[in-house]
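Per this note's numbering, the very first residue in the sequence shown carries number 994; after that it's consecutive.
For the record, the hints were derived by calculation from the structure and aren't laboratory data.
Just to be clear, a hint being listed does not mean it is correct.
[Said to hold, decoys possible] Label pairs and their in silico Cβ distance ranges:
| no. | residue 1 | residue 2 | range |
| --- | --- | --- | --- |
| 1 | 1091 | 1502 | 38 to 48 Å |
| 2 | 1350 | 1243 | 52 to 62 Å |
| 3 | 1440 | 1098 | 51 to 61 Å |
| 4 | 1037 | 1166 | 12 to 22 Å |
| 5 | 1252 | 1108 | 51 to 61 Å |
[Claimed, not checked] Under the rule of at most 20 Å between Cα atoms (straight-line distance), these lysine to aspartate or glutamate pairs were calculated in the EDC-like manner:
| no. | residue 1 | residue 2 |
| --- | --- | --- |
| 6 | 1158 | 1133 |
| 7 | 997 | 1011 |
| 8 | 1296 | 1311 |
| 9 | 1333 | 1311 |
| 10 | 1333 | 1271 |
| 11 | 1158 | 1112 |
| 12 | 1069 | 1462 |
| 13 | 1099 | 1116 |
| 14 | 1417 | 1443 |
| 15 | 1296 | 1344 |
| 16 | 1231 | 1395 |
| 17 | 1397 | 1424 |
| 18 | 1353 | 1290 |
| 19 | 1353 | 1342 |
| 20 | 1238 | 1265 |
| 21 | 1417 | 1462 |
| 22 | 997 | 1103 |
| 23 | 1333 | 1314 |
| 24 | 997 | 1074 |
| 25 | 1069 | 1002 |
Quick reminder that beta carbons are idealized off the backbone N, C-alpha and C, glycines included.
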Amino acid sequence: MSLKYPPNDDLRRLLRFEPDSGAIWLGDRRMVLMHTMALAALRQDLMTSVGPEHARRILTRMGYASGLCDAEYARKTRPGDSLQDSFLVGPQLFMLEGAARVTPVKLTFDIQAGQFYGEFNWEHSWEAYAHQQMFGLDEDPACWTLLGYASGYTSAFMGRLILYKETLCAACGADHCQIIGRPIEEWPDGEAHRVYFNDDSLMEKMEALQSQVEALKSTLGPVSQGGQLIGNSTAFHKAYTLMQKVAQTQVTVLLTGETGVGKERFARALHELSTRADGPFVAVNCAALPSELIEAELFGVEKGAYTGAHASRSGRFERADGGTLLLDEVGELPLAAQAKLLRVLQEGEIERVGGETTRKVNVRLVAATNVDLEQAVLAGRFRRDLMYRLNVYPICIPPLRERKTDIEPLAQGMLARFCALHSKRVLGFEERALQALRQHDWPGNVRELENLVERGVILARQAGMVEVEHLFPNQPDSVQTSLDAHGQLARMPSVQDDDLSARILDSGSSLEDIEARVLDHAVARARGNLSEAARLLGLTRPQLAYRQKHRQSRGASASSPDLNREPGTL
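Turn these sequences into a full structure, and let the hints guide you.
Right, dumping it as structure tokens:
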């Protein structure tokens, strides 16, 4: 097959510099310029501290990860081109990123059959140059990071591990580097090189075990004072500080906030910080209990109290004795149960359904609701005296949309927990995925975020990244997003947009003519209402007036005779 590179205009457009923000972007991934001498110094430190073999593995893995990232563009940038042109995205990006000049010598592959053979020449390899500057000429090839890149890119493209070796290296005195790549099984010593690509080193195993331990601790008990609560925002700290101040008291606390904001986690944290931490924590969802069973569930039942009561049973208040009882969705309690709950709060004792004696209980009550209790009182659905009893110390937990800075640390904490739960290793969130998380409205709050992160862990590849498609799989395929000039997630032009642009260019009309026609059409559609026309065009009323005035002045200039022109000339 021919080994001529296709034009790389599409790839050069991916590279974007933002001097004002201090960021460099390759498509939707942030890049960085680094001195080759700094990388050479890192290489030297690694070789000194962990030895050449471990240093080679670390640098190979770094390059491998970079190659995996660029392989994404091979699948997205030229989807309609030939397989060869799609594959050559990698070498072209390799050159664009300043790694080396790549000349394909031989390239044959069959993805379906899993067959691959690639031979390339590298000129001006940064890694060979940096190694030679730091160490002088060496006996062994030194382009470990770049070999890792080639292997990572080709392996992702082919769907199997492709091993590249250097047959020539400029660090050894050759005038250029030469590499050959083929499936690792086809190399006689391929298995000896697999260690450079395995992601199960001792340190990583220790990290994985530590993550699992932390996840189990978060399930069985608090990982720290405050339990699983994570947040740095002002709104979160306000609620958290209120909880800390009341934790050591015995006062009743009312947690309010939208569905899914984490009221039960706040209640658990309150219990863990209190003097009752060694006692039981019992939670009951009042909205999930049938109205005829609420009293029995809360206060217990004596044997024979009603048909089916074959044995005496303690209620939630008795089970929480010495600890904390959370009444979640307390606003959904029926009025009859509200009256009995009020008596328990006043007297500190309960009476089982069908019982004749009262029992003392020592319970710290925490109530939670997403209902406005004041409005419920006015509507006759909630007792005013009970509201006063519960509303001694209210804490309003902010919705997630008001604590945007907490989204990423919350998501990272959930990622570690779900990776351990599902025995999966995921490297993190792709930058587009983080942008999508920050910009989502979060009507379901923290519970929705938890569901999305768990879905992302399940859909992500092993040792891969959570992408925006994993978090929001139901997005229309036609809506594609990328990062705009400010590094924010923005809608990319669709195929229809490109078709419209092509039709405009093919029409032969000038830009001024097109603008005039669009302005006239907007005014006509708005029936002469200039304010409405401006809204249709995404302009302000003064901007539209200026454009119309500018058109008229251009038209007058075009129609006015030029008195300085000689007669008979155009």
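Structure-based check of all given hints:
For the pair residue 1091 and residue 1502, the beta carbons lie near 42 Å from each other, so the given range of 38 to 48 Å is met. Checked against the hint of 52 to 62 Å, the pair residue 1350 and residue 1243 fails, with Cβ atoms roughly 25 Å apart. Taking 51 to 61 Å as the suggested C-beta distance range, the pair residue 1440 and residue 1098 conforms, at roughly 56 Å. Under the hint 12 to 22 Å, the C-beta atoms of residue 1037 and residue 1166, about 20 Å apart, fit the expected range.
Distance hint check for residue 1252 and residue 1108: the Cβ-Cβ separation is about 54 Å, which falls inside the suggested range of 51 to 61 Å. In summary, the hint linking residue 1158 to residue 1133 is supported, as the alpha carbons are separated by about 11 Å, within the 20 Å threshold. For the given pair, residue 997 sits about 32 Å from residue 1011 by alpha-carbon distance, which is inconsistent with the 20 Å threshold. Proximity of residue 1296 to residue 1311 is assessed by CA-CA distance (about 16 Å); at most 20 Å being required, the pair is judged to hold.
A threshold of 20 Å between alpha carbons decides the hint, and for residue 1333 with residue 1311 the separation of about 15 Å falls inside it, so the pair holds. Taking the CA atoms of residue 1333 and residue 1271, the gap is about 28 Å. The hint is violated against a cut of 20 Å. For the suggested pair residue 1158 and residue 1112, the alpha carbons sit about 10 Å apart, so the restraint of at most 20 Å is met. For the proposed pair residue 1069 and residue 1462, the alpha carbon gap of about 14 Å is at most 20 Å, so the pair holds.
At roughly 16 Å between alpha-carbon atoms, residue 1099 and residue 1116 fall within 20 Å of each other, so this suggested pair holds. Restraint check for residue 1417 and residue 1443: satisfied, since their Cα atoms lie roughly 16 Å apart, inside the 20 Å limit. Restraint check for residue 1296 and residue 1344: satisfied, since their Cα atoms lie roughly 13 Å apart, inside the 20 Å limit. Taking the CA atoms of residue 1231 and residue 1395, the gap is near 12 Å; set against the 20 Å cutoff, the hint holds.
Proximity of residue 1397 to residue 1424 is assessed by CA-CA distance (about 16 Å); at most 20 Å being required, the pair is judged to hold. For the hint pairing residue 1353 with residue 1290, the CA-to-CA distance comes to about 17 Å; that is within 20 Å, so the pair holds. Using a Cα cut-off of 20 Å, the hinted pair residue 1353 and residue 1342 holds, with the two alpha carbons roughly 4 Å apart. Restraint check: the Cα-Cα separation between residue 1238 and residue 1265 comes to about 13 Å, which is no more than 20 Å; the hinted pair holds.
The suggested pairing of residue 1417 with residue 1462 holds, with an alpha-carbon distance near 18 Å, which does not exceed 20 Å. Of the pairs offered as hints, the one joining residue 997 and residue 1103 holds, with about 19 Å between alpha carbons and a cut-off of 20 Å not exceeded. Under the criterion of a C-alpha separation no larger than 20 Å, the hint pairing residue 1333 with residue 1314 is consistent with the structure, at around 18 Å. Taken as a hint, the residue 997 and residue 1074 pair is honoured in the structure, with Cα atoms around 14 Å apart against an allowance of 20 Å.
Pair hint residue 1069 plus residue 1002 holds up; C-alpha atoms about 15 Å apart against a cutoff of 20 Å.
The structure is inconsistent with the numbered hints 2, 7 and 10, although it conforms to all the rest.
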